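Chains as they are written, first to last, in our numbering: chain H, 1 to 406; chain S, 1 to 353; chain U, 1 to 148.
For the record, the hints were derived by calculation from the structure and aren't laboratory data. Quick caveat: nothing in here was measured; it's all calculated off a predicted structure. Be careful, since some hints might not be right.
[Stated by the list, open to error] Cut-off 30 Å, straight-line C-alpha distance, at most; resulting in silico cross-link-like pairs (DSSO-like, lysine-lysine):
#, chain 1, residue 1, chain 2, residue 2
1, U, Lys12, S, Lys40
2, H, Lys375, S, Lys84
3, H, Lys365, S, Lys40
4, H, Lys183, S, Lys84
5, H, Lys268, U, Lys86
6, H, Lys269, H, Lys402
7, U, Lys5, H, Lys136
8, S, Lys175, U, Lys5
[To be verified] Computed Cβ-Cβ distance ranges for the label pairs, DEER-style:
#, chain 1, residue 1, chain 2, residue 2, range
9, S, His173, H, Arg25, 45 to 53 Å
10, U, Glu92, H, Lys34, 51 to 59 Å
11, S, His99, H, Pro70, 44 to 52 Å
12, H, Lys142, S, Gln12, 34 to 42 Å
13, S, Gly125, U, Tyr94, 31 to 39 Å
14, S, Met1, H, Asp317, 53 to 61 Å
15, H, Asp317, S, Ser76, 48 to 56 Å
16, S, Ser76, H, Val240, 48 to 56 Å
[Claimed, not checked] Chain H is nowhere near these chain U residues, computed Cβ spacing over 10 Å in every case:
#, residue
17, Glu35
18, Arg66
19, Lys68
20, Gly96
21, Lys98
22, Leu99
23, Gly100
24, Thr102
25, Ala104
26, Gln118
27, Thr122
28, Pro137
29, Arg139
30, Tyr147
Even glycine gets a Cβ: it sits at the ideal position worked out from N, Cα and C.
Listed below, chain by chain, are the residues.
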Amino acid sequence: MAQEMRILLKHADQINPESAEDYIRVGGYKGLEKARGMDPRAVIEEVKRSGLRGRGGAGFNTGLKWSFVPQDIEPKFVICNLDEGEPGTYKDRIIVEKNAQAVLEGMAICGHAIGSKKGYIYCRGEYPHLVQLLNKAIASAKACGVLGDFDIEVRMGAGAYVCGDETALIESIEGHRGNPRFKPPFPGVAGLWGKPTVVNNVETFACLPYILVNGADWFAGIGAPNYPGTKILTLTGDVVNRTYVEVPTNVTLREVIYELGGGIRGGKKLKAVQVGGTSGAFISPEYLDTQIDFDSMASISATLGSGAIFAIDETRDIVEIVTRISRFFEHESCGQCTPCREGTFRTREIMERISSGKGSIQDLKNLELLGKVMKDTSLCGLGQAAPVPILTTLKNFGHEYKRKLI
Amino acid sequence: MITLTVDGKQVQVPEGTMLLEACQLAGADIPTLCYDPDLKRVGSCRMCVVEVEGRPGLVASCVTPVANGMIVHTESPRVVEARKVILELLLARHKLECHTCEKNGNCLLQDYCYRYGVTTSRFSGEMPKFTKEDPNPFIERDYDKCIMCTRCVRACEQITGAKAISVAYRGHHAKIATAFDGNLADSTCAFCGQCLMVCPVGALTSKLSKGKGRAYEVEKVRTICPYCGTGCTIELNVKDNKVVGVTSVRDEELSPVNKGALCVKGRFGWDFINSPERLTTPLIKENGEFREASWDEALDYIAEKLKAIKSEYGPDAIAVFSSARATNEENYLIQKMARAAIGTNNIDHCARL
Amino acid sequence: MANYKEIIATYKDKPGGIIEAFHAIQKEFNYIPEEALREAAKAFGLSEAEAFGVATFYSYFSVKKRGKYIIRVCTSAPCMVAGGDKLLEALENYLGIKLGETTADGRFTLEATECVGQCQGTPVITINGKPIPEVTPERIPEILSSYK
Numbered sequence: 001m002a003q004e005m006r007i008l009l010k011h012a013d014q015i016n017p018e019s020a021e022d023y024i025r026v027g028g029y030k031g032l033e034k035a036r037g038m039d040p041r042a043v044i045e046e047v048k049r050s051g052l053r054g055r056g057g058a059g060f061n062t063g064l065k066w067s068f069v070p071q072d073i074e075p076k077f078v079i080c081n082l083d084e085g086e087p088g089t090y091k092d093r094i095i096v097e098k099n100a101q102a103v104l105e106g107m108a109i110c111g112h113a114i115g116s117k118k119g120y121i122y123c124r125g126e127y128p129h130l131v132q133l134l135n136k137a138i139a140s141a142k143a144c145g146v147l148g149d150f151d152i153e154v155r156m157g158a159g160a161y162v163c164g165d166e167t168a169l170i171e172s173i174e175g176h177r178g179n180p181r182f183k184p185p186f187p188g189v190a191g192l193w194g195k196p197t198v199v200n201n202v203e204t205f206a207c208l209p210y211i212l213v214n215g216a217d218w219f220a221g222i223g224a225p226n227y228p229g230t231k232i233l234t235l236t237g238d239v240v241n242r243t244y245v246e247v248p249t250n251v252t253l254r255e256v257i258y259e260l261g262g263g264i265r266g267g268k269k270l271k272a273v274q275v276g277g278t279s280g281a282f283i284s285p286e287y288l289d290t291q292i293d294f295d296s297m298a299s300i301s302a303t304l305g306s307g308a309i310f311a312i313d314e315t316r317d318i319v320e321i322v323t324r325i326s327r328f329f330e331h332e333s334c335g336q337c338t339p340c341r342e343g344t345f346r347t348r349e350i351m352e353r354i355s356s357g358k359g360s361i362q363d364l365k366n367l368e369l370l371g372k373v374m375k376d377t378s379l380c381g382l383g384q385a386a387p388v389p390i391l392t393t394l395k396n397f398g399h400e401y402k403r404k405l406i
Numbered sequence: 001m002i003t004l005t006v007d008g009k010q011v012q013v014p015e016g017t018m019l020l021e022a023c024q025l026a027g028a029d030i031p032t033l034c035y036d037p038d039l040k041r042v043g044s045c046r047m048c049v050v051e052v053e054g055r056p057g058l059v060a061s062c063v064t065p066v067a068n069g070m071i072v073h074t075e076s077p078r079v080v081e082a083r084k085v086i087l088e089l090l091l092a093r094h095k096l097e098c099h100t101c102e103k104n105g106n107c108l109l110q111d112y113c114y115r116y117g118v119t120t121s122r123f124s125g126e127m128p129k130f131t132k133e134d135p136n137p138f139i140e141r142d143y144d145k146c147i148m149c150t151r152c153v154r155a156c157e158q159i160t161g162a163k164a165i166s167v168a169y170r171g172h173h174a175k176i177a178t179a180f181d182g183n184l185a186d187s188t189c190a191f192c193g194q195c196l197m198v199c200p201v202g203a204l205t206s207k208l209s210k211g212k213g214r215a216y217e218v219e220k221v222r223t224i225c226p227y228c229g230t231g232c233t234i235e236l237n238v239k240d241n242k243v244v245g246v247t248s249v250r251d252e253e254l255s256p257v258n259k260g261a262l263c264v265k266g267r268f269g270w271d272f273i274n275s276p277e278r279l280t281t282p283l284i285k286e287n288g289e290f291r292e293a294s295w296d297e298a299l300d301y302i303a304e305k306l307k308a309i310k311s312e313y314g315p316d317a318i319a320v321f322s323s324a325r326a327t328n329e330e331n332y333l334i335q336k337m338a339r340a341a342i343g344t345n346n347i348d349h350c351a352r353l
Numbered sequence: 001m002a003n004y005k006e007i008i009a010t011y012k013d014k015p016g017g018i019i020e021a022f023h024a025i026q027k028e029f030n031y032i033p034e035e036a037l038r039e040a041a042k043a044f045g046l047s048e049a050e051a052f053g054v055a056t057f058y059s060y061f062s063v064k065k066r067g068k069y070i071i072r073v074c075t076s077a078p079c080m081v082a083g084g085d086k087l088l089e090a091l092e093n094y095l096g097i098k099l100g101e102t103t104a105d106g107r108f109t110l111e112a113t114e115c116v117g118q119c120q121g122t123p124v125i126t127i128n129g130k131p132i133p134e135v136t137p138e139r140i141p142e143i144l145s146s147y148k
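Construct all of the structure, not just a fragment, from the sequences and the given hints.
Here it is, written out as structure tokens:
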């Protein structure tokens with residue numbers, strides 16, 4: 001029987017997330033203390049060795065990302081990405097609500113490693129209560145003196161999914177439209193106000209104190225070797241338990257859905273599961289025994305992404321659901337690059353046509369071509385990922401489309 | 001130096017060069033819409049995508065720095081397919097009325113559709129309905145033809161500094177707008193027309209030239225703008241021996257002073273040329289009425305009067321006021337005449353128009 | 001009601017703080033009035049066109065007047081399969097307005113939103129930013145009665 005493994009959420013609901021004292025009482029800020037006793041380069045090495053990979057969706061090795069930051073340019077910035085906009089995802093909210101101090105500590109560890117004195121938390125506009133919570137948590141940590149000379153400021157987004165992209169997020173902090181930048185230059189070299197900037201996800205930062213305290217080897221030994229540690233998943237759709245869980249990364253989708261999620265509501269059969277949020281692939285039940293870690297998901301052309309698990313039962317109309325998803329991307333495209341701005345709009349038109357029974361076989365061909373070109377040519381991840389739910393359902397559930405055609 | 005291979009041809013370029021320039025050096029003709037050599041790059045139209053071996057997606061060549069050993073294909077089937085789809089997507093939002101469009105024959109969207117054989121769009125559906133009448137006398141704004149390359153926004157900011165327009169709204173609803181999406185006259189627009197100079201399609205055109213001749217019908221006569229002493233290069237667009245418009249020259253060698261930038265007078269202030277109210281001969285006022293005179297008569301009359309005033313009241317009773325519309329050389333001569341011929345230092349200049 | 005000039009002055013020295021200022025203005029006025037937008041542009045060194053571009057980019061900002069309470073119904077896929085569409089329809093019927101409209105008494109504006117990150121309790125609505133989970137059509141009168 002698969003079980004949760006709580007590291008980040010170990011003290012959930014037992015400590016006040018605003019209170020640095022509470023956090024210190026359960027061992028908090030020891031990781032930062034240890035890091036500050038180490039050479040910054042040794043901290044980066046330790047994080048690299050732990051195998052920690054970005055929990056925001058891209059899965060890039062965190063220590064390696066830090067190592068690209070030039071040492072000789074000042075100032076440098078640390079940004080915590082709390083803009084989780086991926087539908088079906090709320091893990092970062094849970095982490096902050098249960099263990100905000102660990103996020104602050106993780107940011108300060110990063111600050112020490114790259115030589116930055118200033119951190120920003122970019123919190124999505126949908127979470128105003130977290131802005132308040134974080135401001136209190138920062139004040140508490142400052143009052144305890146644990147942050148030292150590392151300063152953290154909270155900024156709030158205003159309803160733009162695309163700001164989850166690190167360069168769009170930077171633009172937004174700078175007070176601009178949230179248009180992603182082309183890369184290179186990468187934020188590590190030229191980020192916020194053109195200065196070297198590390199942007200990591202909330203969950204990534206929250207892992208750091210535990211890695212520093214328990215050592216890289218300890219972390220590297222948890223879960224899947226290529227994507228070690230735990231992952232917080234959020235279960236939505238037709239599962240019995242619509243909830244969140246923290247699990248080692250070597251659990252399988254089947255264990256997540258049928259054991260931790262309690263199976264499918266009403267004893268129905270599972271039709272499909274979308275992993276990684278609304279931009280993720282729709283997987284058919286034959287792949288349920290795949291581990292959730294990044295590389296295992298990639299091996300079945302899926303992405304772990306944000307860790308959202310959206311299960312739908314056999315009675316659901318998958319074309320209708322994907323049509324809704326296409327509307328999401330149309331709404332959230334920033335409108336900067338042609339393939340995404342026009343592609344998400346036309347995709348939604350075609351999906352609505354098919355879903356309402358007016359689509360033709362040519363529409364399916366056009367969808368596939370459009371999806372391919374969007375993936376190939378869009379400026380940022382939004383436009384590149386927007387076609388994924390369509391392309392994967394066309395491939396795995398093509399019959400559902402075909403039966404709706406005229 | 002960086003060495004890379006473009007369409008089988010090896011080229012060497014300095015580090016930091018963008019792929020677009022490297023490809024051009026290798027002789028490749030890369031289509032671009034948002035790229036403009038005088039404006040900051042945004043890499044957003046994606047027309048300039050090329051295939052670089054080993055890279056997962058196609059890359060926008062205008063914003064991708066070269067790297068050693070890159071193997072680049074600029075017209076591979078994958079690239080051509082992507083460009084065709086991008087053109088079809090743009091066509092699907094572009095009000096197609098080439099038959100009456102001012103930019104017919106001078107439109108990049110048209111050129112690229114021709115080049116890639118794109119006749120219709122497989123993605124046509126709802127069309128944008130952005131365009132509304134902007135009652136200013138100079139600039140026609142037909143945003144139903146806009147392809148969102150944002151060259152106009154960047155020209156307004158980076159060439160003129162007016163910042164009258166920006167991108168407003170988001171996604172497919174995004175459009176070029178002034179603050180509060182109003183008329184140009186209510187904005188900081190200076191009507192310099194740099195926006196229509198850089199617009200690659202028919203979204204921004206001159207109201208004054210409307211219906212008077214397309215680019216291929218007019219003869220372009222390069223000259224200097226007569227309005228002030230700056231000396232901007234302009235091109236008179238001449239059709240049937242009449243000036244039907246003014247365009248500018250962006251080539252730095254041919255237009256060293258202004259590199260294509262003009263002000264409202266230079267770009268739009270040419271309609272006086274064919275005006276029936278224009279003076280074509282000197283006039284002499286007699287008994288409160290003007291009558292036509294020859295140049296000889298007029299000049300003799302002036303010389304006579306100046307001499308008379310000078311002998312009766314002295315040279316300082318005369319002042320000379322010259323025009324900014326005259327050239328430096330002409331202004332030099334007039335001051336020379338004031339000081340040497342008339343003998344006064346009373347010489348001034350209107351300084352501006 | 002606080003003066004928008006005072007609100008903007010509070011954020012003036014924050015680099016890139018125009019978005020924070022817009023939030024604060026909207027908290028007071030429920031939308032960004034034209035004169036407040038002009039003032040913010042000036043304070044943050046942006047052209048008015050740019051400031052308008054920023055305000056219209058983010059879906060939580062409005063440059064049009066709205067009701068006292070903004071009801072947002074999540075239309076993302078997880079809420080959709082949990083009955084979000086029926087809920088939206090029921091709200092439209094109950095309030096007698098369509099999506100994007102404001103009730104005649106100026107009390108409620110109905111908007112759609114994408115995921116608000118409360119998916120443990122689908123379907124979700126928010127009223128002036130406060131999430132209300134597991135809303136059913138039957139619960140609408142009771143929920144809205146506390147917003148006077």
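Could you tell me which of the numbered hints above are not met by this structure, giving the numbers in increasing order? 3, 11, 12, 15, 26, 27
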